[in-house]
Amino acid sequence: MTSLPKSTGKKLGLVTDLDICVGCHACAVSCKEWNASGHSAPLTDTNAYGKDPSGVWFNRVHVFETQDGDQSRTVNFPRSCLHCEQPACVTVCPTGASYKREEDGIVLVDAEKCIGCKLCSWACPYGAREYDADDGIMKKCTLCIDRIYNENLEASERKPACVIACPAGARHFGDLGDPASDISRLVERREGYALMPESGYQPVNKYLPPRPRKNQAGDTGTSDHLEAAEDAVDGSAFFKWLDQALSR
Amino acid sequence: MYHSWGSQNAWLRQIHGYNRLCMHRDLAAELGVGDDDWVHVESHHGKIKAQVRTMTGCERNTVWTWNAIGKRRGAWNLEDDAAEGEKGFLLNHLISELLPTDGDGKKRRMSNSDPITGQAAWFDLRVRVSKAEAGDEVSEPRLEPLKPVPGVQKRPGILRFGEQFLPKGSWRRKERS
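Heads up: the protein sequence lines correspond to chains B and C, in order.
Counted from 1, the first sequence has number 1508 at position 134 by my numbering; the numbering is strictly sequential.
Counted from 1, the second sequence has number 298 at position 150 by my numbering; the numbering is strictly sequential.
To be clear, the hints were calculated from the coordinates, so they are not data collected in a lab.
Ideal placement from N, C-alpha and C gives every residue a C-beta, glycine not left out.
There may be inaccurate statements among the hints.
From the structure, some residues in chain C lie toward chain B, with a derived Cβ separation under 10 Å [what the hints assert, rightly or not]:
(1) A158
(2) L160
(3) R161
(4) M203
(5) E227
(6) D229
(7) A230
(8) I264
(9) R303
(10) L307
(11) F309
(12) Q312
(13) F313
(14) W319
(15) R320
Whenever a hint applies, use it, and build me the whole structure from the sequences.
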């Protein structure tokens, strides 16, 4: 089975902010667009225009509601490969197709060595592996390795497609192995966490938890007395005019 | 993404291929319906059948959906059994395009749209929701499938977008060119 590097120079990965993700799927679609045009191409879709369409996606967003009294909320949860430090998907690989890069920790699949046995998808507890039945090989998030080192792109664009696409700024990319990096300090400040750490795979990617909800006017720093605010702004004539204009 | 043109896009329709009528859990309990049950929704203008999803994050007496995901079968070059035509539904059947007359005898009726943006004003429609009897799990109204438009290419069953970017001769290129 395939062995891992003893250590990796960098630990490149993603941080997703569950507080501000709005579930728009821009990350998922831009990921598929970039990677369908790269060395993972194609990301095949079956039953494309029929019942139960199904395709290869390196990034999927799950949406669910939590029931927790006045803290109930809709959670949008983007999920992709976590580029674990102890990736069982690599050690289980019988051909050496799955591997973890020594220089930056990215977990990749060599399509020319993959025999499509699916052991890695059984081993991955996060469901990050994507089997392309049409090609007969496993595909996965590459952390946009063909973007982040791509000197044909502007320096500001050398980030994974999902990070660039996110309209909410909920996705971050960087070296999580360097405690002084912006992304590591962000994780520290927001008490970011790894998924299922008890399983021992040591995911590099982290998630930032939702902040407590602000349910009262005072929580947002605004006055909870509307009249007092109106008096302070002496705009009553304007609002009267606006109300009339909109009520016609 | 959440409108008509998403349904002819093989990627977007995987994200959202059919819609549900979302309603507050308390209201659903009062109506005796739960997740995946079917209900009739009736307005002064029409009646539809739709599938329910319950939630807490909405006003108790307001129901809502991602509209324009439902499609008439055969539309947008989708197969007849695509979820858009089977489970998806449209609120359009409930909503009049014109406002009522104002009773002053004038025949001119105003468009039922927001006077400032022109956007369809669909947020103030009063409806009655009732549990539908068990039966076919398909949305209504159920119209006959549209016939294919002449000259339209046949839809591919398997979409391999991107294989044209692979090197010539790659074993992963299924369509030789």
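We went through each hint and held it up to the structure:
1. A158: Hint holds; A158 of chain C Cβ to chain B Cβ min 4 Å, cut 10 Å.
2. L160: holds, 7 Å
3. R161: Constraint on R161 of chain C satisfied, holds at 6 Å.
4. M203: Status holds, d = 6 Å.
5. E227: holds, 4 Å
6. D229: holds, 5 Å
7. A230: With Cβ-Cβ at 6 Å, under 10 Å, it holds.
8. I264: Hint on I264 of chain C: holds, closest Cβ of chain B at ~8 Å, below 10 Å.
9. R303: Given a least distance of 4 Å, the restraint on R303 of chain C holds.
10. L307: Since chain B brings a Cβ to about 4 Å from L307 of chain C, closer than 10 Å, the hint holds.
11. F309: holds, 5 Å
12. Q312: Given a least distance of 8 Å, the restraint on Q312 of chain C holds.
13. F313: holds, 5 Å
14. W319: holds, 9 Å
15. R320: At about 6 Å, which falls below the 10 Å cut-off, the nearest Cβ of chain B leaves the hint on R320 of chain C intact, so it holds.
Taken one by one, the earlier hints all hold for this structure without exception.
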